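Undergrad: As a plain string of letters, each chain reads:
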Amino acid sequence: MLDVGRHSNIALLAYSEVEKVDGQAGNFKVTVRRKRRYVDEDKCTGCGACAEKCPTMVPDAFNEGLGSRSAIYSYFAQGIPSTHTIDPDFCRQLKGKKCGICEKVCQADAINFDQEDKIMELSVGAIIIAVGYDVFDPSQIPEYRYREIQNVVTAIEFERLLSASGPTEGHLDRPSDRAVEAEIAGFEKNLKKSERTLEKLEKKYDEASAQFYDKYQQGQYQDDEDRKKWADRYAAYLTITKSLDDLKNKAESFTVAKRLAFIQCVGSRDFRFYPFCSGYCCMHSIKEAIIAHEHEPETTSTIFGMDIRAVSKGFEEYKIRGGNHSNITYVRGRVSEIMGGPGNNPVVIYEDTQKRQVESQEFDMVILATACAPTKGIVELAKIFGVELDEYNFIRTSPLSPVDTTIPGIFVCGCAESPMDVPESVAQASSAAERAAEIAFQPNL
Amino acid sequence: MTAIADLINTTKTYYCLDCGVCTGSCPVSRVFPEFSPRQIIERSLYDLEELSDHTIWSCLTCAQCSVRCPADINFPEFIRLMREQAHFVGFDGVPAHNGMLQTIMSIQTKDVQQNRLFWIEDGKTKETGDVFYFVGCRPYFDIIFRDIDAGSITGAQNVLKILNACGVEPVVSNNERCCGHDALWNGNEEKFKQLARLNLDLISSSGAKQVIFSCPEGYHTFKNFYPKYFGELDFKPVHILDFLADKLNEGVIQLEGPGEEVVTFHDPCRLGRLAGIYDAPRKILETIPGIELKEMPRSRENGICCGTSGWMNCSSCSKEIQLQRLKEAGDTGAGTIITACPKCQIHFRCAKAAFDLDIEITDLYDLVADRLKTE
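These protein sequence lines map, in sequence, to chains Y and B. One point on numbering: in the working numbering, the residue at position 198 of the first sequence is 198, and numbering is uninterrupted. One point on numbering: in the working numbering, the residue at position 232 of the second sequence is 232, and numbering is uninterrupted.
Keep in mind the hints are simulated off the structure, nothing from the lab.
Here are the simulated DMTMM-like pairs of lysine to aspartate or glutamate, each with C-alpha atoms no more than 25 Å apart in a straight line:
hint: 1; chain 1: B; residue 1: LYS327; chain 2: Y; residue 2: GLU143
hint: 2; chain 1: B; residue 1: LYS283; chain 2: Y; residue 2: GLU148
hint: 3; chain 1: B; residue 1: LYS283; chain 2: B; residue 2: ASP366
hint: 4; chain 1: Y; residue 1: LYS355; chain 2: B; residue 2: GLU42
hint: 5; chain 1: Y; residue 1: LYS250; chain 2: B; residue 2: ASP331
hint: 6; chain 1: Y; residue 1: LYS355; chain 2: B; residue 2: GLU50
hint: 7; chain 1: B; residue 1: LYS327; chain 2: Y; residue 2: GLU148
hint: 8; chain 1: B; residue 1: LYS283; chain 2: Y; residue 2: GLU143
hint: 9; chain 1: B; residue 1: LYS209; chain 2: B; residue 2: ASP246
hint: 10; chain 1: Y; residue 1: LYS200; chain 2: Y; residue 2: ASP224
hint: 11; chain 1: B; residue 1: LYS124; chain 2: B; residue 2: ASP142
hint: 12; chain 1: Y; residue 1: LYS355; chain 2: B; residue 2: ASP47
hint: 13; chain 1: B; residue 1: LYS327; chain 2: Y; residue 2: GLU359
hint: 14; chain 1: Y; residue 1: LYS355; chain 2: B; residue 2: ASP53
hint: 15; chain 1: Y; residue 1: LYS355; chain 2: B; residue 2: GLU34
hint: 16; chain 1: B; residue 1: LYS327; chain 2: Y; residue 2: GLU362
hint: 17; chain 1: B; residue 1: LYS12; chain 2: Y; residue 2: ASP307
Remember, predicted model here, so these are calculated numbers, not experimental data.
Next comes chain B alone, as it looks inside the complex:
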């Protein structure tokens, strides 16, 4: 049996009804018709698909197709496994930024001295403790994407500020590694496993019972993929949105004005469709006095992807998707599009710079930190 035929069986892709819902839903297919999830499956079922097919790297793995699929086919997972096979025989996608980010991921699998904590300033952290704040790739992004003012590190500083305001002094470690999300979706399972192992050992040595994430990719990877490869975790991955919602309910922190602002919210795919967190960010926005939330036509389950994922195949198609999304945001009458993912931030800010668009792009945690009520 060929590798692809094998995949069809393990993922039950043979249930495909050939109905076209996936391709009709796909943000890539609408811009780049050569890519069609339905046709990839069709070719696979007829044994016509090749691992060298370059379109398999165009998938954003955003799950817009799979949440709508009437046959319950997990197309992103099918693509991920296919990429794994393709990578194994020497085919890869086109890395963005000349592969710089993939190299940084590789370096982190080694015993390296990192400089991950330069940003902490007056934030309070600990060496060991119950709560671990998994910062993710923000310190690296901060350096790489300074030219587009990505504000990645401000996000980390603000998350720490929020945690401190809630009375939590988390463990933040210089030895944290990339969570492996991108390696996994780039088809490089080996690299993913090396990174994940290092992270698990690190968290275990910190004694943490709870690991807090502000990055939806890290949360999704820890929650859903780490147990698949390494068994049950001995800590609980917690998304900061859930954590924040509790603290706001308990009245531990309060949010205040000033100023009226109309905003719209972009659901990151890992946060919304893959983690099912839709209401928490909206509740927080509602809690902030003076903030009015205007929804885009494509929101929540129907939220469109930010255009590229896994630092791969960033193309004119990505830019078109981003441009349309930012226009959609502007059409609601909102002056600011709020996201809750460092990569959505980078992608949108890049498109804003490229097309010179008149819309602000803000991270939800930056907004919350800015509106924290101080006694």
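Chain Y on its own, in the form it takes in the complex:
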């Protein structure tokens, strides 16, 4: 990625959208809207001082909303170009409130709240569409209760939880437990506030709150308005301490998730959604189970599916290794239903089709291997480029020219074309680049 950023022949227009495409192969005119970042890309050094001081925290999209980032942000640490962007939906200054802290701390003078979108026109010989895919939204499957049960997560959410640079620094803390920790943090903040108020009152009357409260409850000071307030504050303080103690007791028993269930074919190989096999999910479930086991050797994983499609060199061996060395059990049976169980443990209900038995099993966390879905804006995009889509809304190609779209000079690679794994995407990208070069470097153009 960094190589692309540094390459003298590559102009990288990130955070931009194509609005119009005219012309034909060898001579396209492309209109691009460079969306305003409110940060001057050329000045920004990517030091991150602004993000550190920014007072507004928002859910972090890169971490699937599992962590938070500031309103001025870089999408992720290794991203290129190494610059920052202000999120106009959340930035206090842009919302008309007083702030501007980032502007003050920026030593490069890169912040510009008055920046406008820029429209630019490019003349290009060929175009490659590489817009990727979206993760299938599993809330469309009511029986998996993805939105209702906190500890049912998608594979990409799980990936972030496993990541050392993710919101839990690689510890498999369960979302339900994290919610309790967040609640504790909220109460602790309130508690500090409450303690400060009480301290002032204690100083004023030179008496400990508890002592005063005893007297107050026995009937003293009933006509004193100020002391009445003190009593109310102290009562509120007691409630907070009580709730906090309860939550802390609960949190004591929290451990990382050790019993994992992986559910294959969530949205794929399913006539209700996508009938195709997404191809890579069997392998990423095995990979995630192996990594989880590396993090915590007590981890056991069960992978539920109709079959494990470990199709490629070394893949079957990887699957078997997972079974032999990483406590993975493979169960043949598609999961029928996930129910909420005791202790926020999801309960998986399925027929083990080899045993011919309906079973239910409790897990610490359930991971859904979600299908590869065409990206949201692809219909709009196809209209702009004039390319055809297939029946699922991936970009149409033909088997003998797998990177050529229906428009000459416009090519496609990766999951914009169909579901595929990383090596295949890389091969397609090289192929598309080669096809584009054939057109761009025709001597008569």
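Given chain Y's structure and the hints, the job is docking chain B onto it.
TA: Okay, now just chain B, sitting in the frame of chain Y:
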């Protein structure tokens, strides 16, 4: 080709992925492991299934399996067609209540003098008109299930009361017949067709443009099966929930207290999964002041069946399903389980009586009629 092989082709059951979602979802399989939708299909595909297989009569046809099936196989329809074939060669399920209800259905195919209107009292009805209220089997159920206090006829009286309050005086006919739902799912297509024909002639002679149903089975059968056998209908089947939602929106009727009550709602399979009506009953419950709705874990698309269907194969398995469901309802903290199907009422009230459970079972229309605001 055998009859079953033929069925596999017409219903495209060969798409089966053998994944087990159906069996894992089936409320019967969880209690009675001998019944397995996946294995019935597996046996059928390998030409090992026999029409004499008694487990085909255990299916509740509740569609819990088919709405989840990744291969889009309509298992209830597959079973229905298989039952048709089985019935044709002389195999039948075990009728509940000694076949009394099947006999009543048969009698209605003949030219009989019924006593269907005894319940009307001061309700306002007409002989002909635009709107027909199809009462269904409630007058019969009322007699048969008096011992468990099924309240079937109160339901009909209350639906009429609601219609009258909305300014509708519907046609209600003494010559109405059973809609044929149970005959159809018992595999008796001939009986279904006879009953349906009589109903269609009756409605046609009433001049009705709209037929209102409070029973989800009647609505589903008229809407989805009558056109299959007799072509497009010359009237519109309307479910009273849709009708009520409109009237509440327009402010024609209003609902009032008194009293606070925590309730839960049981989605009848014909109303929910088969007719897709999930929100309307909930909206109505929300409209009633003082009513708090607590959902059961298995609700809406995941709502479990009331335990038996088509007055057939009512067994200890049915009772177990009902018991679990009523416990699930009680666990929400609700004192009352609301349903919107006369059969769910009967089945739950039967289980309540058998197990002596502490939960009220109420028909949605009884509740609405009770809370109608009168000027």
